[in-house]
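Enquirer: Assemble chain B with the ligands onto chain A, guided by the hints.
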Amino acid sequence: MTTLEQNQELAIPRSAGPKRQREAGGLPFGRWAIHAEVIFTYIFLYAPIIILIVFSFNDARSSATWQGFTLDWYKSLLQGGGVLGLGGVATEGQQFAAQGILFSFRNSVIVASISTMIATTLGTLIAIGMERFKFRLRGILDIVLYLPIIIPDITMGIAMAVFFNLGFKVLSVVFGINAVLGFPTIIISHVAFNISFVAVVVRARLAGMDPALEEAAADSGANEWQTFKRVVLPLIMPGILGGALLAFTLSLDDFVITFFTAGIGTSTLPLFVYGMIKFTVTPAINAISTLMVIASMVLVITSLVLQNKR
Amino acid sequence: MNDLAIQLIDVTKRFQGPGGEDVLAVDHMHLDIPHGEFFSFLGPSGCGKTTTLRMIAGFEMPSEGQIVIRGESMGHIPAFKRPVNTVFQSYALWPHMTVFQNVAFGLEMAKVSTSEIKIRVAEALELVQLEGFDGRKPDQLSGGQQQRVALARALVQKPAVLLLDEPLGALDLKLRKQMQLELKHMQEQVGITFIYVTHDQEEALTMSDRIAVMHKGRIQQLGGPEEIYERPATRYVADFIGETNFLEGRVASLQGEWTEVNIGDAFLLHAPTVEGVTNGQEVAVALRPEKLTVQAEVEPNLHCISGTVEEVVYIGTDTRYIVNLLGDHRVVSRMQNLSSSKKLTHYPPGSEVIVGWEPSSGRILTE
Ligand SMILES: Nc1ncnc2c1ncn2[C@@H]1O[C@H](COP(=O)(O)OP(=O)(O)O)[C@@H](O)[C@H]1O
Ligand SMILES: [Mg+2]
Numbered sequence: 002m003t004t005l006e007q008n009q010e011l012a013i014p015r016s017a018g019p020k021r022q023r024e025a026g027g028l029p030f031g032r033w034a035i036h037a038e039v040i041f042t043y044i045f046l047y048a049p050i051i052i053l054i055v056f057s058f059n060d061a062r063s064s065a066t067w068q069g070f071t072l073d074w075y076k077s078l079l080q081g082g083g084v085l086g087l088g089g090v091a092t093e094g095q096q097f098a099a100q101g102i103l104f105s106f107r108n109s110v111i112v113a114s115i116s117t118m119i120a121t122t123l124g125t126l127i128a129i130g131m132e133r134f135k136f137r138l139r140g141i142l143d144i145v146l147y148l149p150i151i152i153p154d155i156t157m158g159i160a161m162a163v164f165f166n167l168g169f170k171v172l173s174v175v176f177g178i179n180a181v182l183g184f185p186t187i188i189i190s191h192v193a194f195n196i197s198f199v200a201v202v203v204r205a206r207l208a209g210m211d212p213a214l215e216e217a218a219a220d221s222g223a224n225e226w227q228t229f230k231r232v233v234l235p236l237i238m239p240g241i242l243g244g245a246l247l248a249f250t251l252s253l254d255d256f257v258i259t260f261f262t263a264g265i266g267t268s269t270l271p272l273f274v275y276g277m278i279k280f281t282v283t284p285a286i287n288a289i290s291t292l293m294v295i296a297s298m299v300l301v302i303t304s305l306v307l308q309n310k311r
Numbered sequence: 004m005n006d007l008a009i010q011l012i013d014v015t016k017r018f019q020g021p022g023g024e025d026v027l028a029v030d031h032m033h034l035d036i037p038h039g040e041f042f043s044f045l046g047p048s049g050c051g052k053t054t055t056l057r058m059i060a061g062f063e064m065p066s067e068g069q070i071v072i073r074g075e076s077m078g079h080i081p082a083f084k085r086p087v088n089t090v091f092q093s094y095a096l097w098p099h100m101t102v103f104q105n106v107a108f109g110l111e112m113a114k115v116s117t118s119e120i121k122i123r124v125a126e127a128l129e130l131v132q133l134e135g136f137d138g139r140k141p142d143q144l145s146g147g148q149q150q151r152v153a154l155a156r157a158l159v160q161k162p163a164v165l166l167l168d169e170p171l172g173a174l175d176l177k178l179r180k181q182m183q184l185e186l187k188h189m190q191e192q193v194g195i196t197f198i199y200v201t202h203d204q205e206e207a208l209t210m211s212d213r214i215a216v217m218h219k220g221r222i223q224q225l226g227g228p229e230e231i232y233e234r235p236a237t238r239y240v241a242d243f244i245g246e247t248n249f250l251e252g253r254v255a256s257l258q259g260e261w262t263e264v265n266i267g268d269a270f271l272l273h274a275p276t277v278e279g280v281t282n283g284q285e286v287a288v289a290l291r292p293e294k295l296t297v298q299a300e301v302e303p304n305l306h307c308i309s310g311t312v313e314e315v316v317y318i319g320t321d322t323r324y325i326v327n328l329l330g331d332h333r334v335v336s337r338m339q340n341l342s343s344s345k346k347l348t349h350y351p352p353g354s355e356v357i358v359g360w361e362p363s364s365g366r367i368l369t370e
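Residue numbers (the numbering used here), protein chains in the order written: chain A, 2 to 311; chain B, 4 to 370.
One or more of the hints may lead you astray.
Claimed, not checked - Covered stretches of chain B, as calculated for chain A (at least 3 residues, CB under 8 angstroms):
(1) 107-115
(2) 208-219
(3) 320-327
What the hints assert, rightly or not - Only pairs whose alpha carbons sit at most 20 angstroms apart, straight line, appear in this in silico DMTMM-like list of lysine to aspartate or glutamate:
(4) A:Lys230 <-> A:Asp211
(5) B:Lys140 <-> B:Glu185
(6) A:Lys135 <-> B:Glu24
(7) B:Lys219 <-> B:Glu229
(8) B:Lys187 <-> B:Glu229
(9) B:Lys161 <-> A:Glu216
(10) B:Lys114 <-> A:Glu225
(11) B:Lys161 <-> B:Glu134
(12) A:Lys135 <-> B:Glu63
(13) B:Lys84 <-> A:Glu216
(14) A:Lys230 <-> B:Glu111
(15) B:Lys187 <-> B:Asp203
(16) B:Lys161 <-> B:Glu263
(17) B:Lys180 <-> B:Asp142
(18) A:Lys135 <-> B:Glu40
(19) A:Lys310 <-> B:Asp142
(20) B:Lys140 <-> A:Asp211
(21) B:Lys161 <-> B:Asp175
(22) B:Lys84 <-> A:Glu225
(23) B:Lys180 <-> B:Asp203
(24) B:Lys187 <-> B:Glu126
(25) B:Lys294 <-> B:Glu205
The hints are simulated quantities; they were obtained by calculation from the structure and are not laboratory data. All residues carry an ideal CB built from backbone N, CA and C; glycine is no exception.
Chain A extracted, bound-state conformation (with noise of 0.2 angstroms):
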């Protein structure tokens, strides 16, 4: 603590004006409260998480004390018992449930990948019109682009809510067809807002290229394609990847707009485990989340790794 504060002192322009002064003057407070603020941030964002991941080896069925290590409830998600109780031969209900989880953990990993790989595909090609060609509207298109990332998720889940009521209105109608929520309307609801996180990664990606670099193809003889193919794909390859994985983790943990998109047999797992909470609650659903945590924590941070790469 002494050494930070000295060095923050040595910060401070000694010979400054009569107005840095005041400010200098008024700084211990301000100092304390700069700290405080990143301590508290940090406990708040992370302590809850901490908690989680602690008790989620808690072997007792109440969460509120702690009784000794176990991975009993990592084990009973994957045989039949354990998220309605510890031990013993797994009830019909108890059954149901560990198969619900992995029902559900299978219904994520199909909507994430095929989102992904639709995402991935229309966000990079955005990505690439937007920061190659010069139109008109472009700066209004750049906004609609950042939309679905600013907009709050309970909005977009209502909007794709209405829109699909309204697509199968229309559908049975006028075609007689009589769609339902499913696979398709998540798969759908979370193309369009991973769309805009892959098409920004990608874009930050082109950007950061010398176009050099293409003129050079050209002037060697590669036509619009050659390029493409030969020089920009593998040069933005990292920011597809990156922007893919973002897309993927995100996919996986969406919760509000999936809510309002998925139909019957369709739950992901992050509606799975609210469905169970309002049960009841066990370290089970810790481990869970636990697990939930750590996966999409390797994802993003291989997906910055992959953004940063050179």
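Expert: Then chain B with the ligands, alone, in the frame of chain A:
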């Protein structure tokens, strides 16, 4: 017509400036460049050199006029179909490819057979003295080596014209000097027309057969290195290339080969008559510092003006004298230090001296 590599016919390029206004980057340029020439565009930053080169390469289209390469009008022919290759200032090597792949790329695009590609890439790497570097990635090479790869990549395709945009700009001075000579030799060896862009006058003088000195999108003077240096056409050229003393004055009389100029009513001098000069015209007489000698005595056959030494700077090979001539005209003289036994500060500041020069080394500038 057929012995011309490049023709620029009334080429103009306008850009949209940041405020939507027109920026005239190249202004009605006319130029013929014959085959096998080492041609340089020389001028300060922003005078339109790069833009001219990019129009020849096909990365920019002229706003007006046309570009003809080997007798064929380029019109809207895209860059990848033009028989020219570029060495980029940033080198623009593809970081994900090896040296071999970088150099082979153009040949692959031209559908050259694999066996021939191997031979030609090896030849090109030999030409730039990079044998054995085939497997390296660009980031495993020094700046000078990257520069050579860029050169090999362009030369391997045997272009009609090689375009080089300040290719030595990123190298240190010593390497730059060495590369200047190498480039010149290489150009003589392969016989390809080189069009070279630089803001470094010494570089242009060293390498070029002909130089176009550019200013604000226009060619101010076109000629060989000696012509540009010894007989600059305008004040701008004289000032940009090397160091120059300007003596401002008025033409006193025209006497055939010689013109008499009155320098601020302080003294009269003679200089070779130039085209277009008229009696009574305001002119400047340009004198290169190395043409001026500082001496104690008046000498016949030289213009001799007396003055006072103001400053003496020893710079190794030369000594620079700043002398205030009669009538408050300050000039710089550069005297070579030929003998180390002679005292260098021969004329210390404050000495009364004579500054002399051959009348033929004066250059009258009318604009
Ligand atoms: N793409 C462009 N858009 C707008 N202005 C440009 C563009 N390229 C060049 N210019 C302008 O044209 C002028 C000439 O530029 P350039 O050819 O790069 O000069 P040089 O290579 O001699 O330094 C400059 O004023 C520059 O700002
Ligand atoms: Mg330039």
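Enquirer: Does each hint fit the structure? Answer for all of them.
Expert: Hint check results:
no.: 1; hint: 107-115; result: holds (count 4)
no.: 2; hint: 208-219; result: violated (count 0)
no.: 3; hint: 320-327; result: violated (count 0)
no.: 4; hint: A:Lys230 <-> A:Asp211; result: 16 angstroms, holds
no.: 5; hint: B:Lys140 <-> B:Glu185; result: 24 angstroms, violated
no.: 6; hint: A:Lys135 <-> B:Glu24; result: 18 angstroms, holds
no.: 7; hint: B:Lys219 <-> B:Glu229; result: 23 angstroms, violated
no.: 8; hint: B:Lys187 <-> B:Glu229; result: 17 angstroms, holds
no.: 9; hint: B:Lys161 <-> A:Glu216; result: 18 angstroms, holds
no.: 10; hint: B:Lys114 <-> A:Glu225; result: 16 angstroms, holds
no.: 11; hint: B:Lys161 <-> B:Glu134; result: 19 angstroms, holds
no.: 12; hint: A:Lys135 <-> B:Glu63; result: 15 angstroms, holds
no.: 13; hint: B:Lys84 <-> A:Glu216; result: 12 angstroms, holds
no.: 14; hint: A:Lys230 <-> B:Glu111; result: 14 angstroms, holds
no.: 15; hint: B:Lys187 <-> B:Asp203; result: 16 angstroms, holds
no.: 16; hint: B:Lys161 <-> B:Glu263; result: 53 angstroms, violated
no.: 17; hint: B:Lys180 <-> B:Asp142; result: 24 angstroms, violated
no.: 18; hint: A:Lys135 <-> B:Glu40; result: 38 angstroms, violated
no.: 19; hint: A:Lys310 <-> B:Asp142; result: 14 angstroms, holds
no.: 20; hint: B:Lys140 <-> A:Asp211; result: 17 angstroms, holds
no.: 21; hint: B:Lys161 <-> B:Asp175; result: 28 angstroms, violated
no.: 22; hint: B:Lys84 <-> A:Glu225; result: 12 angstroms, holds
no.: 23; hint: B:Lys180 <-> B:Asp203; result: 12 angstroms, holds
no.: 24; hint: B:Lys187 <-> B:Glu126; result: 18 angstroms, holds
no.: 25; hint: B:Lys294 <-> B:Glu205; result: 18 angstroms, holds
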